[in-house]
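Colleague: Chains as they are written, first to last, in the numbering used here: chain A, 1 to 301; chain B, 1 to 303.
What the hints contain is simulated information worked out from the structure, not anything from laboratory work.
You can take every hint at face value.
Stretch by stretch, here's where chain A covers chain B in the computed footprint (C-beta under 8 Å, at least three residues):
#1 44-58
#2 111-122
#3 281-288
Where a beta carbon is used, it is the ideal one built from N, C-alpha and C, also for glycine.
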Amino acid sequence: MTRQRNIFCYLMVAPSLVLVMILGIYPMIDSLRLSMLQYDLMRIPTEGTPFVGFANFMTIFADPRFVQSLVNTFLFALIAVASVLFLGLLIAQVLNLEFGGRNFLRSLVLIPWVIPPVVASAIWMWVYQPERSPINQVLRSLGLIDSNIKFLTDATTTLGPISIPMLAVSSVRIWGGLPFVTVMILAGLQSIPKDVYEAAEIDGASVIDRFWHVTIPMLRPVLAILVTLLFIGGIGHFEVNYVMTGGGPNNLTNILAVMAYQQAFTLFRFDLAAAISSVILIVTGLIAALYIRDRLRHDSW
Amino acid sequence: MTHGNVNEAPAYVSPASRMSVSSLKLGRILTWIGVALLAVAISAFILLPFYWMLKSSFQTNREILAVPPIWIPSSLNWEGYQRALTMIPFMRYLANSLLVAGVTMVVSAILASMAGYVLARYAFPGATIILAAILFSQLIPAITRVFPVYFLIKDLGLINTYAGAIVAYVSFSLPYAILMLQGYFRTSYPIELEDAALIDGCTWFTVFLRIVLPISIPGIVAIATFTFLGAWNDFLWSSLLLYQGQMKTLQVGLRDFIGEFGGLQRANAFMAACVMATIPALMLFRLAQQSMVRGISTGAVKG
Chain A
1 MTRQRNIFCY
11 LMVAPSLVLV
21 MILGIYPMID
31 SLRLSMLQYD
41 LMRIPTEGTP
51 FVGFANFMTI
61 FADPRFVQSL
71 VNTFLFALIA
81 VASVLFLGLL
91 IAQVLNLEFG
101 GRNFLRSLVL
111 IPWVIPPVVA
121 SAIWMWVYQP
131 ERSPINQVLR
141 SLGLIDSNIK
151 FLTDATTTLG
161 PISIPMLAVS
171 SVRIWGGLPF
181 VTVMILAGLQ
191 SIPKDVYEAA
201 EIDGASVIDR
211 FWHVTIPMLR
221 PVLAILVTLL
231 FIGGIGHFEV
241 NYVMTGGGPN
251 NLTNILAVMA
261 YQQAFTLFRF
271 DLAAAISSVI
281 LIVTGLIAAL
291 YIRDRLRHDS
301 W
Chain B
1 MTHGNVNEAP
11 AYVSPASRMS
21 VSSLKLGRIL
31 TWIGVALLAV
41 AISAFILLPF
51 YWMLKSSFQT
61 NREILAVPPI
71 WIPSSLNWEG
81 YQRALTMIPF
91 MRYLANSLLV
101 AGVTMVVSAI
111 LASMAGYVLA
121 RYAFPGATII
131 LAAILFSQLI
141 PAITRVFPVY
151 FLIKDLGLIN
161 TYAGAIVAYV
171 SFSLPYAILM
181 LQGYFRTSYP
191 IELEDAALID
201 GCTWFTVFLR
211 IVLPISIPGI
221 VAIATFTFLG
231 AWNDFLWSSL
241 LLYQGQMKTL
251 QVGLRDFIGE
261 FGGLQRANAF
271 MAACVMATIP
281 ALMLFRLAQQ
291 SMVRGISTGA
301 VKG
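The whole structure should be built from the sequences, with the hints applied where relevant.
Modeller: Structure representation (structure tokens):
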């Protein structure tokens, strides 16, 4: 009986498991293998694909553009995760209040969700077009700027590795990430029993006191999950940077995923591309493994 | 999330309790003003690009190029839409996207329901490790497996075929669908229902097919919507697996405009194409919004 039931279970899982293994798990391992071969399309006819150990990693780490992209990748992820959480907390707080038009505002916040990332990037590129940008127009009429901000091309106004194009591209990633984060935090907020807040209010706690001493501690589990998911996603992010700037100007918005894609499909250096994506795999894999271990320990699937 | 730790919330000493009533009121009003200002600023941030796309799509090519920009179209002009439909094979790209995302959604929903169900209901040997592997492949970004998958699909001769893209999208959407569905199966109806049917002599598969699936339709639909949107929105895989002329999906095809964007001559057509590329996702989202939000929310609260 149990044996039959197990066979039934394996049959039900098998199609999914086979696909996930062949196209999900195996390619990650294969990518690591590829990163240790010489896989230069120009040299394959004469030299084949010999094993070269860590030579590809030495090559990329010696490339200042790679190091810059590595730093950018983390900066982009940090800026996006921190901002999206901050704004998400604010919006969710507001949407959790009772007021007229709340449902309308709730659907409004979800708008970026239905806009495909490529479309979002295209719209923002148009919004950022210096002479015709509504943002520049407003800032000018308020007297805040004298000349138009060149959102995606200004390579000179920088603060360390942080540049105007980096902030402009980050804004688009933040814009796209807000709905998911807000929905998650809102759900977390709604699970906090009302009487906790009432008790705090009777004790005379201000809105800010209540936020720090009731809301944040109660939201900790949701926030922990969000930080993990967003950070992993942020490290591997590709689309917005690729479509909006392709990594430019001067490599200022280049990130590992975009660099790997370009190494492979414009420079045909699949070995260097695999090495770069292996760096992403190692970083995100470590975080993911810790996260899964934690979930297994608490048995909360 | 447990409610038991309510009492552990740190005790606070509030200065407000020592304040007079009037200053308390003033503080409350100031807080409300601050909240309102923030709400307006954030709404502007969210709405501006959306509005800018809509208004640009309805402007003439002359009006759209004005400096400084004109915020309200002088009239509803359909020139951009007409040009968008003729400048690129828009309808063909749309059909490609609908086909790939649609088939992916159906296949993935069937396979994920099967797997999600047994993973939720039966503690068979290996279930935990299977879930861990699925979660791992869900978490790791797609770029880390791009190159081997590209070579694999290429070796199978499936580049620039619908089949190649669909196989890829099904595999990449399965982990999320399975994880969400097994959570759904676990919590959405009483297990006694199945036990009764099993005692009546049904096989496990008929129980799944006749009892579990019908009552789980709402959850499956919500997760299928996610799958559809994932494949519909994706750029990375379709740019690699369906790059040739007539086979492009909408997300890749839209880039036909970007090459010309330097001249700005096609901005209204481009924005019109963007509006049209958003509509199918928007309609689907409207249909499934409630259950989608609920779906993620249960995940959040459970977490």
